[in-house]
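Visitor: Hey, can you piece these two chains together into the complex? The hints should help.
Quick note, the sequences are listed as chains A and B, same order.
In this text, residue positions in the first sequence follow my numbering: the first is 8, and each later residue adds one.
In this text, residue positions in the second sequence follow my numbering: the first is 8, and each later residue adds one.
Note that these hints are calculated values from the structure, not bench results.
Just so you know, not all the hints are guaranteed correct.
[Said to hold, decoys possible] DSBU-like mimics (lysine-lysine), calculated; alpha carbons at most 30 Å apart, straight line:
1. A/Lys-75 to B/Lys-106
2. B/Lys-83 to B/Lys-63
3. A/Lys-42 to B/Lys-113
4. B/Lys-117 to B/Lys-46
5. B/Lys-106 to B/Lys-83
6. A/Lys-75 to A/Lys-42
7. B/Lys-47 to B/Lys-126
8. B/Lys-126 to A/Lys-53
9. B/Lys-62 to A/Lys-53
10. A/Lys-53 to B/Lys-120
11. B/Lys-63 to B/Lys-53
12. A/Lys-42 to A/Lys-53
13. B/Lys-83 to B/Lys-47
14. A/Lys-42 to B/Lys-62
15. B/Lys-117 to B/Lys-105
16. A/Lys-75 to B/Lys-62
17. B/Lys-53 to A/Lys-42
18. B/Lys-105 to B/Lys-83
19. B/Lys-120 to B/Lys-106
20. B/Lys-47 to A/Lys-53
21. B/Lys-117 to A/Lys-42
22. B/Lys-46 to A/Lys-53
23. A/Lys-53 to B/Lys-63
24. B/Lys-46 to B/Lys-113
25. A/Lys-75 to B/Lys-126
26. B/Lys-83 to A/Lys-75
27. B/Lys-120 to A/Lys-42
28. B/Lys-117 to B/Lys-53
[Stated by the list, open to error] To list a few chain A residues with every Cβ distance to chain B over 10 Å, as calculated:
29. Met-8
30. Arg-9
31. Gln-10
32. Met-11
33. Arg-12
34. Arg-14
35. Val-25
36. Cys-26
37. Ala-71
38. His-79
Every residue, glycine too, gets a C-beta built ideally from N, C-alpha and C.
What follows is the residue order along each chain.
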Amino acid sequence: MRQMRERRNTMLQRKKRVCRFCEAGDVFIDFRDEKRLVRFLTELGKIVPRRTSGNCNQHQRQLATALKRARHLALIPFVSDIPR
Amino acid sequence: MENLYCTIFIVDISQNPDESETVSSRIQQLVEDHGGIIKKINRWGKKRMAYSIQKKSHGFYVEIEFSASSRLNIPKILEAEYRINDRVLRHLTYIVDKKEQVQREKNAGKFKKAQEAEKPESSEESNGSKKTVTPPPSEEKEVAESPVEDVKKTEDIEVQPELEEVNDAETKKSAKKETASDDISDPVAESEPPAEQKSTEQKESENESSSEEEDSERSES
Chain A
8 MRQMRERRNT MLQRKKRVCR FCEAGDVFID FRDEKRLVRF LTELGKIVPR
58 RTSGNCNQHQ RQLATALKRA RHLALIPFVS DIPR
Chain B
8 MENLYCTIFI VDISQNPDES ETVSSRIQQL VEDHGGIIKK INRWGKKRMA
58 YSIQKKSHGF YVEIEFSASS RLNIPKILEA EYRINDRVLR HLTYIVDKKE
108 QVQREKNAGK FKKAQEAEKP ESSEESNGSK KTVTPPPSEE KEVAESPVED
158 VKKTEDIEVQ PELEEVNDAE TKKSAKKETA SDDISDPVAE SEPPAEQKST
208 EQKESENESS SEEEDSERSE S
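Isolated chain B, as found in the complex (with noise of 0.2 Å):
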């Protein structure tokens, strides 16, 4: 049965940064030998790892997809390879199955349909309120440019807790000035106004202290 693999696997480039090129073609080569057809090479380039293998902690990701036979077994062979080699940290091989390409031609469909309303849209946006929120273009370029396309729509879904937030925070504040106001109006409650004040600034304060937390916490994720 003819399969879609897709191979990743971490490179040491610590001593030699040239080492990336020569393990992934010597794979290719291992594949292409066997009688397996590359479809795609992906490098993901030098990543920092969430925690360290062989006490290195950047490696440079490589990944290969390519079709083969289920017959020749090339999923063993280099499973054989990346043991025997040195410079290889970490490796996953695995079947590409048919949800994951529906879901690609899906997320491709989705992003080139976004790119062309995106194109019409831009300039009726920059003309009208300027409140909503539009990423700027070097970020969306960024997007396109990584490996996968879905970050696009959970940078989408935080924005608007955020917008929200906002808001009732605004509310909130416009509620207590008004109520302050009105306690400024009565002669007898002169006292009572600065420390109301007070409060509103306080939580104010607050509330922006809290978004910033947030703030520092989604960058560092």
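Excised from the complex, chain A in its bound form (with noise of 0.2 Å):
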């Protein structure tokens, strides 16, 4: 029982992402740094969900405005169909 509760706990420790904005101390995510906000694209310029990216809400909302801004200024591409 303490066996399975020991490895249930190093799994969710596992889990855990710390968000990069936060590590890095931003407060504002800039739509101009497309090398930075392409990390945070699939392969077919989808907007990567929080779940896997591991970022905060605030920065993700923020991320999500920087993406879309971006997008409309042609830094980043609606859709790739040709996967990276």
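Guide: Rendered as structure tokens:
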């Protein structure tokens, strides 16, 4: 029983991720920085969900607006057919 | 209320390369005529767009920052101008909020600190171990000129995983070589070592190919 609990604890600990923007201490995510934004896109150009990227609520929302602005200005694609 | 606005637009310069100047001067004039104060003009230059707009693959990006009272309704005037002007492919006007301003100050501070720290350290690093990957000075200058200073940070982050991978690969190689040498010392298992060496060579080549692929991906992105 105790082993089970320990194993469960380790599994939970592994899953925990920290928001990259919080770690870097960023207050605002700039849409001009397309190199940084591309990391949060899937191969087809979709926005990566929070459960995979590990971002916190505030930064994920900021990121979404940044990505949308960058898309509008043709810095990043709406859809990329060819996976990189 | 006094606001800080930022407007970015893409000009089509496929027919006339001077078009960007005429359009940006026109926008500046409009802002100043209606009571706005221009703070900063940033020309990003000709860039390749991620997707073609009006069958054009390249465009000239101009960014203008100005402060104005919200009563003056300048974004609306600019919007009308952008819509009439055929040369403007895309435009974006938004209010620069406090968070962005704070972030900019932060970045500026970090950048200054980094510059100050690099000057004394650069001589020490050259004397020390050569294995530590230090970006060449030419790249740093390019980064400094680019509109966003965060790029530098991301590059630093990217460098680390590569190093780790290399180290792992080296440790694996050394471990395998040791096992191979043990086998050679045994007279019975003389037939085995060449096969193992082959396998190690294959693995090495795989590692190299994978690293090359990653590099190519990064360069593409």
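Visitor: Take the hints in turn and mark each one as holding or not.
Guide: We went through each hint and held it up to the structure:
{"no.": "1", "hint": "A/Lys-75 to B/Lys-106", "in the structure": "holds (18 Å)"}
{"no.": "2", "hint": "B/Lys-83 to B/Lys-63", "in the structure": "holds (26 Å)"}
{"no.": "3", "hint": "A/Lys-42 to B/Lys-113", "in the structure": "holds (20 Å)"}
{"no.": "4", "hint": "B/Lys-117 to B/Lys-46", "in the structure": "holds (22 Å)"}
{"no.": "5", "hint": "B/Lys-106 to B/Lys-83", "in the structure": "holds (24 Å)"}
{"no.": "6", "hint": "A/Lys-75 to A/Lys-42", "in the structure": "holds (15 Å)"}
{"no.": "7", "hint": "B/Lys-47 to B/Lys-126", "in the structure": "holds (29 Å)"}
{"no.": "8", "hint": "B/Lys-126 to A/Lys-53", "in the structure": "violated (41 Å)"}
{"no.": "9", "hint": "B/Lys-62 to A/Lys-53", "in the structure": "holds (23 Å)"}
{"no.": "10", "hint": "A/Lys-53 to B/Lys-120", "in the structure": "violated (36 Å)"}
{"no.": "11", "hint": "B/Lys-63 to B/Lys-53", "in the structure": "holds (12 Å)"}
{"no.": "12", "hint": "A/Lys-42 to A/Lys-53", "in the structure": "holds (15 Å)"}
{"no.": "13", "hint": "B/Lys-83 to B/Lys-47", "in the structure": "holds (20 Å)"}
{"no.": "14", "hint": "A/Lys-42 to B/Lys-62", "in the structure": "holds (24 Å)"}
{"no.": "15", "hint": "B/Lys-117 to B/Lys-105", "in the structure": "holds (18 Å)"}
{"no.": "16", "hint": "A/Lys-75 to B/Lys-62", "in the structure": "holds (21 Å)"}
{"no.": "17", "hint": "B/Lys-53 to A/Lys-42", "in the structure": "holds (17 Å)"}
{"no.": "18", "hint": "B/Lys-105 to B/Lys-83", "in the structure": "holds (22 Å)"}
{"no.": "19", "hint": "B/Lys-120 to B/Lys-106", "in the structure": "holds (21 Å)"}
{"no.": "20", "hint": "B/Lys-47 to A/Lys-53", "in the structure": "violated (33 Å)"}
{"no.": "21", "hint": "B/Lys-117 to A/Lys-42", "in the structure": "holds (19 Å)"}
{"no.": "22", "hint": "B/Lys-46 to A/Lys-53", "in the structure": "violated (35 Å)"}
{"no.": "23", "hint": "A/Lys-53 to B/Lys-63", "in the structure": "holds (24 Å)"}
{"no.": "24", "hint": "B/Lys-46 to B/Lys-113", "in the structure": "holds (19 Å)"}
{"no.": "25", "hint": "A/Lys-75 to B/Lys-126", "in the structure": "violated (38 Å)"}
{"no.": "26", "hint": "B/Lys-83 to A/Lys-75", "in the structure": "holds (21 Å)"}
{"no.": "27", "hint": "B/Lys-120 to A/Lys-42", "in the structure": "holds (23 Å)"}
{"no.": "28", "hint": "B/Lys-117 to B/Lys-53", "in the structure": "holds (28 Å)"}
{"no.": "29", "hint": "Met-8", "in the structure": "holds (37 Å)"}
{"no.": "30", "hint": "Arg-9", "in the structure": "holds (34 Å)"}
{"no.": "31", "hint": "Gln-10", "in the structure": "holds (30 Å)"}
{"no.": "32", "hint": "Met-11", "in the structure": "holds (32 Å)"}
{"no.": "33", "hint": "Arg-12", "in the structure": "holds (32 Å)"}
{"no.": "34", "hint": "Arg-14", "in the structure": "holds (26 Å)"}
{"no.": "35", "hint": "Val-25", "in the structure": "holds (14 Å)"}
{"no.": "36", "hint": "Cys-26", "in the structure": "holds (14 Å)"}
{"no.": "37", "hint": "Ala-71", "in the structure": "holds (15 Å)"}
{"no.": "38", "hint": "His-79", "in the structure": "violated (6 Å)"}
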